[in-house]
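Participant: In case you want the letters, here they are:
4 protein chains.
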Amino acid sequence: MDFGFDETTTEHRERLLAFMDECVYPAEHAFHEQAATSGWGPPPLLEDLKAEARRRDLWNLFLPGEHGAGLTNLQYAPLAEVMGWSPGIAPPATNCAAPDTGNMEVLAQFGSDWQRKEYLEPLLNGEIRSAFAMTEPDVASSDATNIATSIRRDGNEYVINGRKWYITGAMNPNCAVFIVMGKTDPDAPSHRQQSMVLVPRDTPGLTVRRGMRVFGYDDADHGGHAEVVFEDVRVPVDNLIGEEGGGFAIAQARLGPGRIHHCMRLIGMAERAVELMCRRALSRNAFGKAVAQQGVVQDWIAESRVRIEQLRLLVLKTAWLMDTVGNRGAHTEIQAIKIATPAGVEWILDKAIQVHGAGGLSQDFPLAGLWAGARSLRFADGPDEVHKRSLAYRELKKYMG
Amino acid sequence: MDFGFDETTTEHRERLLAFMDECVYPAEHAFHEQAATSGWGPPPLLEDLKAEARRRDLWNLFLPGEHGAGLTNLQYAPLAEVMGWSPGIAPPATNCAAPDTGNMEVLAQFGSDWQRKEYLEPLLNGEIRSAFAMTEPDVASSDATNIATSIRRDGNEYVINGRKWYITGAMNPNCAVFIVMGKTDPDAPSHRQQSMVLVPRDTPGLTVRRGMRVFGYDDADHGGHAEVVFEDVRVPVDNLIGEEGGGFAIAQARLGPGRIHHCMRLIGMAERAVELMCRRALSRNAFGKAVAQQGVVQDWIAESRVRIEQLRLLVLKTAWLMDTVGNRGAHTEIQAIKIATPAGVEWILDKAIQVHGAGGLSQDFPLAGLWAGARSLRFADGPDEVHKRSLAYRELKKYMG
Amino acid sequence: MDFGFDETTTEHRERLLAFMDECVYPAEHAFHEQAATSGWGPPPLLEDLKAEARRRDLWNLFLPGEHGAGLTNLQYAPLAEVMGWSPGIAPPATNCAAPDTGNMEVLAQFGSDWQRKEYLEPLLNGEIRSAFAMTEPDVASSDATNIATSIRRDGNEYVINGRKWYITGAMNPNCAVFIVMGKTDPDAPSHRQQSMVLVPRDTPGLTVRRGMRVFGYDDADHGGHAEVVFEDVRVPVDNLIGEEGGGFAIAQARLGPGRIHHCMRLIGMAERAVELMCRRALSRNAFGKAVAQQGVVQDWIAESRVRIEQLRLLVLKTAWLMDTVGNRGAHTEIQAIKIATPAGVEWILDKAIQVHGAGGLSQDFPLAGLWAGARSLRFADGPDEVHKRSLAYRELKKYMG
Amino acid sequence: MDFGFDETTTEHRERLLAFMDECVYPAEHAFHEQAATSGWGPPPLLEDLKAEARRRDLWNLFLPGEHGAGLTNLQYAPLAEVMGWSPGIAPPATNCAAPDTGNMEVLAQFGSDWQRKEYLEPLLNGEIRSAFAMTEPDVASSDATNIATSIRRDGNEYVINGRKWYITGAMNPNCAVFIVMGKTDPDAPSHRQQSMVLVPRDTPGLTVRRGMRVFGYDDADHGGHAEVVFEDVRVPVDNLIGEEGGGFAIAQARLGPGRIHHCMRLIGMAERAVELMCRRALSRNAFGKAVAQQGVVQDWIAESRVRIEQLRLLVLKTAWLMDTVGNRGAHTEIQAIKIATPAGVEWILDKAIQVHGAGGLSQDFPLAGLWAGARSLRFADGPDEVHKRSLAYRELKKYMG
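Chains as they are written, first to last, in full-length UniProt numbering: chain A, 1 to 401; chain B, 1 to 401; chain C, 1 to 401; chain D, 1 to 401.
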């Protein structure tokens with residue numbers, strides 16, 4: 001057992017930290033100013049940051065294997081944490097932003113040659129963005145058997161009908177393609193009913209209807225969260241990813257690494273919140289002493305530190321398990337980090353907000369926005385409760401006859 | 001001891017419930033549609049609702065004494081709860097919306113004859129709106145001794161300099177006047193340094209700079225939460241409310257009833273959340289059964305009911321104490337409801353959101369917006385922690401030698 | 001709505017407070033010293049206290065109607081709270097101790113003439129004690145359909161077989177009779193299978209096997225919590241209480257008032273804990289200041305006050321509902337107080353313990369013992385979770401088609 | 001980074017698991033039966049288990065260096081967890097029980113030659129037991145400057161006066177010696193006032209007065225928790241451990257490894273609780289389904305798993321830090337595990353108790369006793385709150401100018 005970083009990690013981390021210090025943090029203010037007027041999509045200066053990141057060889061760090069930087073999950077995880085300190089800028093600047101990351105993994109692992117050529121390549125180059133269309137407004141879509149969108153084969157085409165929402169990034173004008181989850185065979189066994197197809201954004205019948213809010217935020221700078229309607233949308237059968245009925249399996253495979261990324265970024269956000277909380281508590285006085293001297297605030301700071309340390313270790317161990325025994329062997333841990341991390345980080349952000357008073361709610365600090373992001377992750381990939389139940393079943397099974 | 005409503009309460013409550021059913025709920029959808037395009041201020045249909053409320057004699061219900069409906073705090077409290085079911089519409093429709101309510105109380109109790117004539121009368125008639133400018137960005141302003149805005153006397157005028165933020169309603173074009181808290185004498189004893197003056201909105205030197213956000217919400221339909229700058233703003237000395245050095249005492253007096261209103265509206269919001277949570281849980285299926293059959297969801301519903309019942313009783317008792325022994329005698333309870341209610345209702349709203357999945361975060365349900373409101377009340381009138389400390393001191397004092 | 005006590009309550013309360021001050025608190029130390037050596041049963045001085053309580057007309061206060069003091073639930077509740085400040089002494093001293101209270105209620109309401117003469121009378125006189133035998137070790141007995149003890153009719157006798165545990169008071173040598181719940185007809189509808197019979201303690205076949213612990217406590221001074229075995233125990237059919245199949249209904253009727261008593265005593269315990277917590281915090285110094293000046297301790301004190309106020313109001317309202325609309329109409333509230341009170345008071349006791357350091361765990365302070373009592377009430381009459389589920393169903397039912 | 005055990009750990013762990021399966025668990029029932037009648041001290045069969053453990057080379061595993069098994073903290077930690085599954089038997093059977101472990105560490109590190117010969121040797125051989133006398137009833141003794149016991153030099157002797165309590169193991173007849181913390185120089189700088197001296201149990205003036213309870217438990221089988229009075233107790237100056245004024249430093253050094261041991265044993269207790277909770281939930285039915293199918297119970301099981309995984313990693317990392325950068329470098333983590341582990345495990349035990357119903361409180365299951373142990377660790381070595389404050393200060397210091 002060894003809790004130190006290996007050399008590859010250390011080296012990448014130092015380069016990334018330098019990029020953060022020299023390029024990302026200094027750009028934050030201008031980024032948000034530009035974002036306020038740049039509509040649905042990133043502010044122009046993102047392209048500069050991307051160019052700089054690529055120059056520094058901080059590009060596609062998330063992607064193992066030949067297509068990407070070739071890091072293991074355990075090596076990438078600490079980098080995702082660092083990016084989480086500026087989660088709206090660092091991930092897209094390094095081409096490590098969801099949902100493209102998961103989509104690139106899917107294409108790298110399950111895509112056909114032409115799919116890789118057509119979509120993976122420009123994604124890897126940061127030339128286009130993509131979206132992942134799974135959640136539906138009309139059903140509890142954490143249960144994949146509820147998926148109502150239909151993908152019906154008609155000759156050499158698939159015909160797609162359905163309604164999706166909270167499709168992150170879809171309002172971004174650079175978003176060129178959707179990976180759409182739907183049912184090709186409602187009569188198959190429950191986990192063989194679903195398939196995934198690639199749908200170019202300009203396909204007739206596909207309407208991006210409106211941006212959904214997350215606690216008032218439209219998240220316009222990373223393309224929002226769209227409601228998307230599919231009415232007799234037709235794509236060639238070659239747009240099928242993998243095989244018919246393979247959608248559920250692909251969705252599962254996509255989950256593992258994405259979970260690590262989300263959770264490590266959340267931990268980075270929590271670290272930033274602790275820094276902000278400490279600085280604010282030290283700089284303000286109330287009732288005759290610094291806020292930092294108040295026992296309750298100290299309790300929050302200590303609890304935050306204690307929780308962060310635990311969460312980070314759990315996520316890192318999960319990454320290690322995925323690298324050594326695979327996603328299936330890391331099943332319990334992959335669920336565990338999803339249960340523990342968003343809720344834990346949400347708590348920390350809430351306390352940091354409270355220390356900031358009204359300012360904590362405002363656009364002048366990143367805390368309220370980060371909070372909304374953490375809160376929404378208690379749903380993303382299925383609500384915590386679904387994962388808890390599943391994890392409990394596995395625990396109970398150990399003692400069944 | 002008797003836990004039933006008296007006749008006056010019952011009668012008013014029935015009329016108000018009818019107004020909610022017949023006018024408010026049916027208008028909600030149109031209200032939000034209009035609000036989306038009506039800028040900083042209420043949608044036009046609010047005027048129709050106000051007229052109707054006045055016709056039904058549901059007007060100024062919050063105000064005791066000759067100027068208002070003459071109800072006691074205990075009689076008004078259940079009406080505030082009912083309004084809380086539609087907290088963006090029912091209070092302004094009945095001229096019972098903050099911050100006007102508190103401002104009208106201040107003017108009724110402490111205002112001079114011309115101040116009442118000039119400002120209280122049009123406020124009582126719903127012709128103008130007003131704002132209350134206390135919170136400052138640069139200090140922990142829950143500690144009144146930190147207030148940095150200066151109100152300096154110069155001949156027959158006061159000269160005001162300072163910066164305020166989260167001044168609710170100030171972006172509303174109808175907002176005609178600000179009650180501004182500042183320091184007239186920084187050398188006086190700590191609670192005699194502050195005074196309040198009336199500042200008409202169009203006074204030179206007063207700049208409404210921007211709308212502050214609450215999470216991502218701008219709350220434009222009730223006039224937002226403004227940052228306001230005062231640069232050598234001059235008003236006649238007659239604009240002083242009460243006496244010089246009386247600002248802290250007025251602020252304290254203003255708090256009690258406002259606390260009751262806020263808390264009862266929160267309880268109404270919680271009741272609405274429970275209804276939404278139940279309806280959603282009954283209408284959705286996941287993993288082979290209705291969400292309503294999931295044990296964890298049932299636990300949330302039960303806990304919500306149990307918490308609401310306790311919170312309501314505590315607020316009602318506080319109202320009764322204020323009516324029978326006055327604000328000072330109800331000090332502990334007035335703090336207790338502030339500590340317990342926003343946090344308790346926030347919890348319930350969080351669970352209702354969780355049951356709704358992504359929809360709970362969205363603009364399609366009122367839950368995320370209500371949540372942001374409840375969360376912000378953990379700061380309003382000072383953070384919970386300040387009130388807890390003060391309450392604890394009083395408890396400890398019982399046992400000091 | 002009126003939150004003040006009526007005259008009867010005030011008058012009784014003042015007399016009871018005087019009895020506490022003059023007799024109960026001064027006897028506490030000697031009571032525990034005697035208890036340490038008096039085996040399974042109360043220390044001798046209890047009889048003196050009983051005599052004194054009777055002289056002061058503080059006797060059978062819990063019992064409405066002709067047999068008792070004739071107080072309503074709402075009038076008795078504040079007295080139960082006062083008793084809760086010394087919950088091991090005040091209730092038995094005033095003949096208001098469980099399980100006799102519930103048993104007397106059952107006999108007063110459902111008992112036949114001879115049952116009342118034989119058992120109710122000596123119980124009312126404090127000459128004997130009794131036990132209530134419902135919980136079983138082998139099943140989840142919160143579900144009455146699980147009850148495994150059989151009560152089989154054989155001619156003019158019932159033959160009882162089964163095993164019970166946690167039968168409070170059964171080791172007390174004064175415990176003369178058991179009310180035993182068992183199944184007379186396992187084939188009847190689920191809530192008509194059970195009956196209750198009176199079983200004198202010396203009936204052949206009844207064995208009091210051992211005292212069960214509650215954490216490390218044997219609770220010897222109030223007769224412990226026994227495991228009791230019934231092997232072909234025979235009683236005359238006249239020992240049936242009410243009718244065959246009526247056991248479940250009697251158990252339900254018995255619950256309501258008992259719940260009020262338990263919860264109000266818990267609130268008295270919580271008040272005592274707050275006093276102890278404050279006194280300790282004021283008397284100890286650590287790291288340069290009084291423990292009472294530590295922010296976290298102040299937070300606990302404030303939270304405790306806020307929770308107590310809410311819990312008390314909820315229990316009092318429940319008592320009022322029982323008096324005005326009956327147990328059935330108060331169903332939700334009776335469950336609500338069971339869910340909220342033990343858990344809330346347990347939290348307060350935990351904090352009081354923490355403030356006391358190691359002493360809080362010890363026999364030198366009442367806190368650890370009170371804590372164990374509160375904790376065990378999260379099971380008594382069924383675990384909290386059962387009540388929550390049932391309460392949630394009622395809430396959901398409002399919205400079912 | 002690597003989360004797997006090394007070979008030494010794996011090998012020891014397998015041998016220890018075999019010992020648990022073959023010797024410890026089978027002895028549990030008899031151990032508790034014997035303990036019930038064997039007074040203040042271990043039941044006779046403990047000696048058999050000790051002999052067997054020694055035969056299997058499972059002896060003094062906790063002690064690094066030449067005197068013990070030579071394992072690192074990181075290697076021993078997983079063994080301590082295994083012992084925690086039967087925390088009353090496995091640690092003493094392997095001579096790895098507190099407080100001897102800490103005392104042996106102190107003597108190995110700071111003892112003089114004759115002190116090692118006289119006390120360390122028989123302790124290493126399991127021939128005697130020892131106690132550590134630090135906590136005092138009259139002061140908040142987590143603040144070492146409060147220590148009131150005096151150690152006054154008088155010629156070639158130290159004269160000790162003071163009162164200690166919760167001195168674990170002191171009632172055990174085998175307890176031959178006390179390490180006593182007291183003040184040799186109240187005028188020295190605050191952390192140089194204290195010294196530690198060895199006091200043989202039979203020294204005149206030393207009175208073991210009574211056993212203190214922990215939630216009703218006397219913990220007689222491991223020698224209880226004594227109140228001990230020192231009245232003019234005289235020992236030779238050679239009994240000083242280390243140097244005069246070195247007491248605080250020794251206490252600090254003693255803490256680190258002890259913290260690891262306690263926390264890992266707690267994690268073992270938590271694992272046992274989860275097993276018991278699962279088995280019980282699977283074996284009981286209520287309201288028509290297995291308790292294991294209730295959503296709330298599943299939630300507890302999942303939460304327990306998630307918390308255990310996090311706690312374990314945090315403790316292991318702390319052990320690794322102690323091995324690699326020393327106690328001082330692991331300061332934050334040593335405090336973090338103290339804050340997180342007892343509270344976390346207490347929560348799990350509480351849920352396991354709740355699933356067991358009344359049985360969970362009883363002597364028939366280990367849960368209530370384990371709970372009391374975990375609860376008392378929220379005080380041991382200072383209350384959680386002291387550690388949180390200290391940890392927060394270190395966090396804040398990062399941002400001070």
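Worth flagging that the hints you see were computed from the coordinates, not collected in a lab.
Model, not experiment: these values are computed from the prediction.
Treat the hints with care, as some may be off.
The list treats identical chains as interchangeable, and a pair is accepted whether it falls inside one copy or across any two copies.
[Claimed, not checked] Straight line, CA to CA, 16 Å or less: simulated EDC-like cross-link-like pairs of lysine to aspartate or glutamate:
1) K398 <-> E7
2) K397 <-> E275
3) K117 <-> E22
4) K50 <-> D2
5) K289 <-> E118
6) K398 <-> E118
7) K117 <-> E66
8) K398 <-> E227
9) K117 <-> D238
Participant: Hint by hint, say whether it matches the structure.
Facilitator: Consistency of the hints with the structure:
no.: 1; hint: K398 <-> E7; in the structure: neither (39 Å within a copy, 26 Å between copies)
no.: 2; hint: K397 <-> E275; in the structure: between (43 Å within a copy, 11 Å between copies)
no.: 3; hint: K117 <-> E22; in the structure: neither (34 Å within a copy, 60 Å between copies)
no.: 4; hint: K50 <-> D2; in the structure: neither (34 Å within a copy, 33 Å between copies)
no.: 5; hint: K289 <-> E118; in the structure: neither (62 Å within a copy, 42 Å between copies)
no.: 6; hint: K398 <-> E118; in the structure: neither (46 Å within a copy, 49 Å between copies)
no.: 7; hint: K117 <-> E66; in the structure: within (15 Å within a copy, 64 Å between copies)
no.: 8; hint: K398 <-> E227; in the structure: neither (42 Å within a copy, 32 Å between copies)
no.: 9; hint: K117 <-> D238; in the structure: within (13 Å within a copy, 77 Å between copies)
Checked against the numbered hints given earlier, the structure breaks hints 1, 3, 4, 5, 6, 8 and satisfies all the rest.
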